[in-house]
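Chain residues, written in single-letter form:
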Amino acid sequence: MKYFEAIGKYFLMILEVFRRPTKWSIMKTLILKEIDDLIYGSLGIVIFISFFVGGVVAIQTALNTDSPLLPKYLVGFATRQSVILEFAPTFISIIMAGKIGSYITSSIGTMRVTEQIDALEVMGINALNYLVFPKIVALLLYPFVISISMYLGILGGWTASVLGGFNTSTQFIEGLQIDFKPYHVFYAFSKTFIFAFILATIPSYHGFYMQGGALEVGKASTTSFVWTSVVIIIINYILTQMLLG
Amino acid sequence: MIVVENLHKYFDGEPILKGISTSFEKGKTNLVIGQSGSGKTVFLKSLLGLFTPEEGNIIYNGETYSEMDDSQKRDLRQKMGMVFQGSALFDSMTVEENVMFPLRMFTNDPISEMQERVDFVLNRVNLTDAHHKFPSEISGGMQKRVAIARAIVNKPQYLFCDEPNSGLDPKTAIVIDNLVQEITREYDITTIINTHDMNSVMEIGEKIIFLKDGYKAWEGSNKEIFKTDNEAVTNFVYSSELFKKVRQMYIEERN
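Those protein sequences? They're chains A and B, same order as listed. When we follow this note's numbering, the leftmost residue of the first sequence carries the number 1, and every step to the right adds one. When we follow this note's numbering, the leftmost residue of the second sequence carries the number 1, and every step to the right adds one.
The hints are simulated quantities; they were obtained by calculation from the structure and are not laboratory data. Ideal Cβ positions, reconstructed from N, Cα and C, are used throughout, including at glycine. A portion of the hints provided could be inaccurate.
[Claimed, not checked] To be clear about the criterion: a stretch of chain B counts as covered by chain A if any three or more of its residues have a C-beta under 8 Å from a C-beta of chain A, and this derived list gives those stretches: (1) 180 to 191; (2) 203 to 211.
[As the list claims (entries may be wrong)] Here are the computed distance ranges between Cβ atoms for each label pair: (3) E186(B) x I45(A): 48 to 56 Å; (4) G212(A) x K245(B): 36 to 44 Å; (5) E55(B) x K23(A): 44 to 52 Å; (6) L243(A) x N61(B): 53 to 61 Å; (7) Y187(B) x I238(A): 14 to 22 Å; (8) I234(A) x E182(B): 42 to 50 Å; (9) G140(B) x F11(A): 55 to 63 Å; (10) S36(B) x K33(A): 57 to 65 Å; (11) F18(A) x M68(B): 48 to 56 Å.
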């Protein structure tokens, strides 16, 4: 019952986010600040993780498919499929649920604890629009982060594969090109847009409606990470079934 | 002027405010006092519209809050200034940006005019060299003054202060009290202050409401509070030895 109540409250929050918009001159500044915090601030960790995980995927594939009956280009093919279909859109999103999700929950939660949200409401400002809408707009650029992750994941795979002596560069690139379906990229970016919306709204919900003090801010951040990850995984399953099944 | 009629507020079925009726006049510093847990903050937040009372009416200059539509409520809120207990300044903004925030949000004035107004109110609260500092870089007393400046920058008709002296040293507390009283008279606004600071009660309490367990137990002025025989008030106000002696001296002088 408690979960149904929370789901209902979440959707009511979404409706409120799009009502009574904040003045554009202020909203513009907020959106740019959120792009800096949520998108630009995430690039470092995404670049680092993507490159090395792409490398590991290539090495694991090479080590587990060393039969002479299997073509050498398989390493490039498997790396491409793993990175584009799942690693970049889904697993980077789960990592982002930890990084930007906990940042969103703790920053909004701290505003709640220190009565800054009350201050906005007393002034007659729609606090949900003021706080959450810029995050949703900023995360429309999230597919850009994911495209960088895809590129660097594959580059990491190529580097590990060629430098590790598992493949030649030509064999790896042949694997990348073989049986390429542009629809898979469409599928990956469709998921990414939905995950971006989840990443902006679920942590905001946990921060906005938290009650208590500093300890509760920490608890809300943890709960927010758990629920954002769970929802991403469930939505990933549903979308994969719908779009590829 | 604000009139409160039979205000009731419940949380999880438990009554917090139990039929409070009173009025707050314009140009006066009205104090709401009472022990922690007596319902002061809930009362103030109900007046601000942050809590919706289950029963009763709050009437602002003849207009009942519960009968207003959303846009009227928004207009009313723009006429309110609030100083929160912890100041509630926006961490990510400088002092100047905090004070300018209501102007940027609700007016279309040119930036030079906004800047002029911000300089004026910061000067009014005796803060002339903190414009570009962040709230974390200034003292608690300065934060309170910034909060007052932000509350009055848009020329409000109603000023609410939730324990403006909490966490301040006695000297700074008096400065804040005097500042609020001066501003109330200067701008002829309705000011309501939640406090349990007895110095504030004695110094600036032109009208005092005493809350006990969600009821209004007493109402009067700082002059009348010396004379009252209301046991709840005397137990609260004269709980310290110092104030007991002050009262004793007053009674002896009177006799």
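Problem - Whether chain A covers the region 180 to 191 of chain B (at least 3 residues having a Cβ closer than 8 Å to its Cβ atoms) - result: violated (count 0)
Handout entry: Beta-carbon spacing of S36(B) to K33(A) - inside the hinted bounds 57 to 65 Å or not
Key = violated (38 Å)
Practice task
Could you see if the CB distance from E55(B) to K23(A) stays within 44 to 52 Å?
Solution key: The hinted range 44 to 52 Å is violated for E55(B) and K23(A), with Cβ atoms some 36 Å apart.
Practice task
Could you say whether the range 14 to 22 Å given as a hint is met by the Cβ separation of Y187(B) and I238(A)?
Solution key: Given about 58 Å between the Cβ atoms, the range is violated.
Exercise for the section: Starting from the hint 36 to 44 Å, judge whether the C-beta atoms of G212(A) and K245(B) obey it. Expected result: holds (41 Å)
Handout entry: Pairwise beta carbon distance, G140(B) to F11(A), judged against the given window 55 to 63 Å
Key = violated (40 Å)
Practice task
Can you take a look at whether the region 203 to 211 of chain B is actually covered by chain A? Rule is 3+ residues, C-beta closer than 8 Å.
Solution key: Our answer is that it is violated, as 0 residues pass the Cβ test (under 8 Å) against chain A, missing three.
Problem - Verdict for E186(B), I45(A) (Cβ pair) under range 48 to 56 Å - result: holds (53 Å)
Exercise for the section: With 53 to 61 Å as the target window, see if L243(A) and N61(B) comply at their CB atoms. Expected result: For N61(B) against L243(A), whose Cβ atoms are near 59 Å apart, the range 53 to 61 Å holds.
Practice task
Starting from the range 42 to 50 Å, see whether the pair I234(A) and E182(B) falls in it by beta-carbon distance.
Solution key: Violated: the Cβ-Cβ distance is about 59 Å, outside 42 to 50 Å.
Problem - Cβ separation of F18(A) and M68(B), checked against the hinted range 48 to 56 Å - result: The hint (48 to 56 Å, Cβ to Cβ) is violated, given that F18(A) and M68(B) are roughly 23 Å apart.
When held up to the earlier numbered hints, the structure conflicts with 1, 2, 5, 7, 8, 9, 10, 11 and fits the remainder.
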